[in-house]
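Novice: Using the sequences and the accompanying hints, generate a full structural model.
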Amino acid sequence: MTALENRQEAILAQLADLKNQITALRGQLKQSAAPPAVKETNISRSRTCNILQNGVIHDIVINASPKYPPYSLVALRRLWGDSLKLGVRCHIHSSVLQLPTNLENFLSVISDDCDQERSSLLNITLVWKDVGPDTELVVSPMKHITIKGEVNILRYLSRLGPPRYNYELSNDPAVSSRLDSLLDTCYSLARCRTVKERQSLIHSLNCCLGKSQFMAGGDGISIADIAVWSVFRQIKVEPLQDLSGAMKNWLQHCSQSLKLDS
Amino acid sequence: MVVDINAEDLASAGDHAKSKKALKKEAKDAAKAAKKEERKALNASQQQDTGDSDDYSTGRYGQHPMVQSADIIKREFVHVRQLESNLAETTVWVRGRLHTSRAKGKQCFIVLRQQQYTVQCIIAVNEVVSKLMVKFASNITKESIVDVEAVVRVVGSKIESCSQKNVELHVTQLFTVSSAKSQLPLLIEDAARPVKEDEDPEGLNIRVNQDTRLDNRVLDLRTPANQAIFRLEAGVCKLFRDILTEKGFLEIHTPKIISAASEGGANVFTVSYFKGSAYLAQSPQLYKQMAIAADFDKVFTIGAVFRAEDSNTHRHLTEFVGLDLEMAFKYHYHEVLDTIGDTFTQMFKGLRDRYADEIAGVGQQFAVEPFKFLDPPLKLEFATAVAMLREAGVNMGDEDDLSTPDEKLLGRLIKAKYDTDFYILDKYPLAVRPFYTMPDPKDNKKSNSYDIFMRGEEIMSGAQRIHDPEFLTERAKVHGVDLEKIKAYIDSFRFGCPPHAGGGIGLERVVMLYLGLDNIRKTSMFPRDPKRITP
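As you go down the protein sequences, you meet chains S and W in turn.
Quick note: the first sequence uses our numbering, first residue 1, plus one each step.
Quick note: the second sequence uses our numbering, first residue 1, plus one each step.
Just so you know, the hints here were simulated from the structure itself, not pulled from any lab data.
Please read these numbers as outputs of a predicted model, since none were measured by experiment.
Keep in mind that a hint or two might mislead.
Have a look at the derived ranges for each label pair, beta carbon to beta carbon [to be verified]:
{"#": "1", "chain 1": "S", "residue 1": "N152", "chain 2": "W", "residue 2": "N519", "range": "40 to 46 Å"}
{"#": "2", "chain 1": "W", "residue 1": "E369", "chain 2": "S", "residue 2": "N171", "range": "47 to 53 Å"}
{"#": "3", "chain 1": "W", "residue 1": "I159", "chain 2": "S", "residue 2": "N152", "range": "48 to 54 Å"}
{"#": "4", "chain 1": "S", "residue 1": "T146", "chain 2": "W", "residue 2": "I159", "range": "50 to 56 Å"}
{"#": "5", "chain 1": "S", "residue 1": "T23", "chain 2": "W", "residue 2": "V394", "range": "48 to 54 Å"}
{"#": "6", "chain 1": "W", "residue 1": "E399", "chain 2": "S", "residue 2": "L29", "range": "54 to 60 Å"}
{"#": "7", "chain 1": "S", "residue 1": "T146", "chain 2": "W", "residue 2": "N519", "range": "30 to 36 Å"}
{"#": "8", "chain 1": "W", "residue 1": "R412", "chain 2": "S", "residue 2": "H253", "range": "47 to 53 Å"}
{"#": "9", "chain 1": "S", "residue 1": "H253", "chain 2": "W", "residue 2": "S461", "range": "53 to 59 Å"}
{"#": "10", "chain 1": "S", "residue 1": "T146", "chain 2": "W", "residue 2": "V394", "range": "20 to 26 Å"}
{"#": "11", "chain 1": "S", "residue 1": "E197", "chain 2": "W", "residue 2": "Q82", "range": "48 to 54 Å"}
{"#": "12", "chain 1": "W", "residue 1": "S461", "chain 2": "S", "residue 2": "K143", "range": "17 to 23 Å"}
Backbone N, C-alpha and C fix where the C-beta goes; we use that ideal spot for every residue, glycine too.
Specialist: Right, dumping it as structure tokens:
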């Protein structure tokens, strides 16, 4: 009887020991997994410090071809709203003789009022240049090489922008990789040559959308929606012919949320 | 050879050697002279010989008597640039220069040049052309002006060495209107040869040095590249005038003989003026402003500018053509800056679209990188430029002026980032600008002034001018300027003057930088610098 009791005591002691260990570990884990809200504000503060260097705002330059206007900039500006003001100034490079007339609409939406002082936090100089579908981003030729591709520019800008829209900060790797594959599909769509390729890519976007309201599957607009919206306008997608019912609804919903024509 | 020879021995040996050399030279000269005599005699005899045989081409060639306007000869001349296959089998008259000639027995090939255009001509013995005529053709000196009557014929294979590649002229009549000396100080072919980096060391490497070119400017200017450069320069002037006139500007002419140095005392030329002395104008600044005070609202002037700077650099001349403009504005000097920027952009577009041939012509001799610019022009603040330079490792204060190497580095940085050769820097620090520059009301360290750059070199320095006489007097005192000397300048603002701003550029410098040439003397027809006042 005593032997059994002793054994019971020993096992109970071991259990208590294990429980202490687990509590200690849990305590440690709880400390490292800080609440997301605090993390975000830290990041946003350091983010704004990076843009303002020496109290002077540096420009970033985007070189775009008049045949592939960066519609995503317009959308991004609407999306970010007041949390990070985006100022855009347009210039035509000497290698482009004349801008096509169909760009006038885009230009009127994107340009700043010239007399306004550049009080926005992030200034973009948009240069119309013959670079083909590879829209370029130049930040500082001394430190970085040029970034090519509108989706990559979106990725860079989302890192600079309000953390709420930065998909890379989300803790769920599934969401980030889904967004990445959507962005990559858009990249290919802008460059596809055959009708067959185009249709298959649009079809894959459709599958990705599935039953959700937004491309990323979440409940708000993300940069994936912006990228798809922009590339659809660049390759002149006809909503009635090329898109499924779900995509048509999505397109309308997007345009409404961003307050832009589809 | 003996190595240890002492100095005297060497000297005496040298003397012997010299006299040996002198003897050799004399012998050579004598031999040359003898050969010349022989040749002359042979020529004369040959001419006499063949002179005896029938010359069925008399009257179709020869030295034209000096053109003294004796008779009115109505003859339609065709320019070499119009000689194309559409004129095939027609007979034309052409007046041009003999560029090169090559004789081969019964044939003589001549390249005829008219400005930048060249065409090949053949004088071959046939029913109308005699052997004597071919001989006469081969003896015409280079650069002589000749009148040619010929039949235009289409060629089978393209003539690559001429500008008119599809046709050649079969000459029927040939006259020299004005002969050139036989020994030319420089050959146009050599002067027009492009300078290549990877030269074949065995190949012909003759280059004409700049001083030789400038001493014989009349010959040097005949090269196709120079013809193109000065036509482009005329284009710049014409575009400047036309664009500003369309914007409502008025052209004025300001005096060049002035009583007091306007910018700074040291760099003026003095001329004796009757019983006293006067100065040659350094810039039309004062008079442009007076024209604005006289209600002309927007003015520009094109005229000579004299700077007595002892700078022997690739971009300074003592006399150059200044294109200056001044404009009254309503509330902000950016109204003027935007006008200036737009004038330049339109000028560059005009050059790109209408003078492409001239730019290509220059490109055949000098490596020309096309000029890039943005529309509307890139405008950066001075503070941003300083930040860019600091990022690149340059140590400079906030109120320091940009040195020439800084400007060049900045040009390269901006080219790498924005891909433009043309940009404007706005809001320079007040400390580095002249006393008549208006300070920035919101930041007393800055001024309402701007500099414009092309390919990393400054072409214009401009600003909003102080139009209030009291404020101007104050600023002059701060800068330590003698008020007596500028009394006339300050007085011109006492009768009400609108706020105004402007700037001026040098024509030669703009053309030099637009084409990417390395020396300003290439773009000035007869350049003036501290060491050269002729031709």
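Novice: Next step is simple, just say for each hint if it's right about the structure.
Specialist: Comparing the hints with the structure gives:
1. Judged by the Cβ atoms, the range 40 to 46 Å given for N152 of chain S and N519 of chain W holds: they are separated by roughly 44 Å.
2. The supplied range of 47 to 53 Å is met by E369 of chain W and N171 of chain S, whose beta-carbon atoms lie about 51 Å from each other.
3. The given range of 48 to 54 Å is respected by I159 of chain W and N152 of chain S, whose C-beta atoms sit roughly 52 Å from each other.
4. Between T146 of chain S and I159 of chain W the beta carbon distance is about 45 Å. The supplied range of 50 to 56 Å is therefore violated.
5. Here the CB-CB span from T23 of chain S to V394 of chain W is close to 59 Å, at odds with the stated 48 to 54 Å.
6. Evaluation of the 54 to 60 Å hint for E399 of chain W and L29 of chain S yields a pass: the beta carbon distance comes to about 55 Å.
7. Range check, T146 of chain S to N519 of chain W: Cβ separation about 34 Å, and the 30 to 36 Å hint holds.
8. Taking the beta carbon of each, R412 of chain W and H253 of chain S are about 48 Å apart, inside 47 to 53 Å as hinted.
9. At roughly 56 Å, the beta carbons of H253 of chain S and S461 of chain W sit within the given window of 53 to 59 Å.
10. Judged by the Cβ atoms, the range 20 to 26 Å given for T146 of chain S and V394 of chain W holds: they are separated by roughly 23 Å.
11. Range check, E197 of chain S to Q82 of chain W: Cβ separation about 53 Å, and the 48 to 54 Å hint holds.
12. Our hint of 17 to 23 Å for S461 of chain W and K143 of chain S is violated, since their Cβ atoms are close to 31 Å apart.
Of the hints listed earlier, those the structure fails to meet are numbers 4, 5, 12, in rising order.
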